[in-house]
Amino acid sequence: MKIIQVIGRSNSGKTTFNQVLCTALQQKGTVAALKHLGHHTFKLEEGKDSTVLFQTGVKTAVGVDEEKAVMITRETALPELIRHLADMGTDYLVIEGFKTFSFPAVVIGELESDHCMLRNPTVEEVITALPGFPALYSISRLIGNGRTGPASGVIWIPPPTPGTIGSTPIEDRKDLILRTLEPLMNGICIRYQIPIKGIVPEQVLIATIAVNDSSSSCRLLVQATEMLDQAW
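The numbering used here applies: residue 37 is where the sequence shown begins, and numbers increase by one.
Heads up, a few of these hints could be off.
As the list claims (entries may be wrong) - Here are the simulated DSSO-like cross-link-like pairs (lysine-lysine), alpha carbons at most 30 Å apart as the crow flies:
id	residue 1	residue 2
1	Lys71	Lys104
2	Lys64	Lys84
3	Lys79	Lys104
4	Lys95	Lys71
5	Lys104	Lys84
6	Lys95	Lys84
7	Lys71	Lys84
8	Lys104	Lys64
Said to hold, decoys possible - Label pairs and their calculated CB-CB ranges:
id	residue 1	residue 2	range
9	Glu148	Met263	32 to 42 Å
10	Gln91	Gln266	41 to 51 Å
11	Glu116	Thr77	42 to 52 Å
Simulated from the structure, these hints should not be mistaken for laboratory data. We put the CB at the ideal spot given by N, CA and C, even for glycine.
Generate coordinates for the entire structure from the input sequences, incorporating the hints supplied.
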């Protein structure tokens with residue numbers, strides 16, 4: 037799943053741009069859109085069954101009709117929502133807002149950002165730049181889809197307990213990561229590492245599996261995850 041984040045000041049034209057971008061991306065695969073509502077609270081329709089069920093305190097309520105399903109969840113953490121969308125088989129995720137997160141971003145307008153990848157681009161320029169955007173392929177989807185060719189994976193690494201090595205930034209753990217994954221280096225190439233701003237207990241390791249067989253790729257990714265979990 038490619039993650040395309042679009043940020044900018046209020047009324048800069050982000051949503052208008054994303055409407056065109058989402059339409060264009062649908063020619064290439066399954067698209068999901070995720071928007072940060074900021075200070076605006078989404079109002080649930082009073083008295084509707086899905087609202088009433090949600091108000092009982094359940095974590096998630098889903099209403100389904102003949103054309104669509106509406107899901108209401110109490111989960112608001114961006115990493116968890118991204119993981120969920122990846123597991124659903126999304127090919128492209130367009131995120132609007134969440135500008136404090138450090139994904140390489142499309143910036144609309146004059147907003148200053150230290151993770152700007154493209155500023156005021158055309159949709160065609162974004163499509164051309166897709167290989168440079170970060171990708172998240174969940175292990176379950178890699179296995180379920182039987183991917184062929186080189187498989188990429190994103191491993192979200194939580195620290196075991198505060199104050200241990202797992203709670204330090206990934207930049208300070210590069211030597212440990214390299215030593216841990218050394219037995220797999222013929223199959224794994226660490227492409228780049230990104231600390232996500234605003235998330236203290238979680239960091240991200242992005243790795244590329246440099247083999248052509250999809251089942252071997254999945255096994256290596258699972259093995260790398262287990263080895264890193266043990267290392268922390």
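Status of the hints after comparison with the structure:
1. Lys71 / Lys104: Between Lys71 and Lys104 the Cα gap is close to 19 Å, so the pair holds against 30 Å.
2. Lys64 / Lys84: At roughly 36 Å apart (the allowed maximum being 30 Å), Lys84 and Lys64 break the hint.
3. Lys79 / Lys104: holds, 19 Å
4. Lys95 / Lys71: holds, 20 Å
5. Lys104 / Lys84: holds, 16 Å
6. Lys95 / Lys84: holds, 17 Å
7. Lys71 / Lys84: Holds, at roughly 23 Å.
8. Lys104 / Lys64: holds, 22 Å
9. Glu148 / Met263: 32 to 42 Å: holds, 39 Å
10. Gln91 / Gln266: 41 to 51 Å: holds, 42 Å
11. Glu116 / Thr77: 42 to 52 Å: violated, 20 Å
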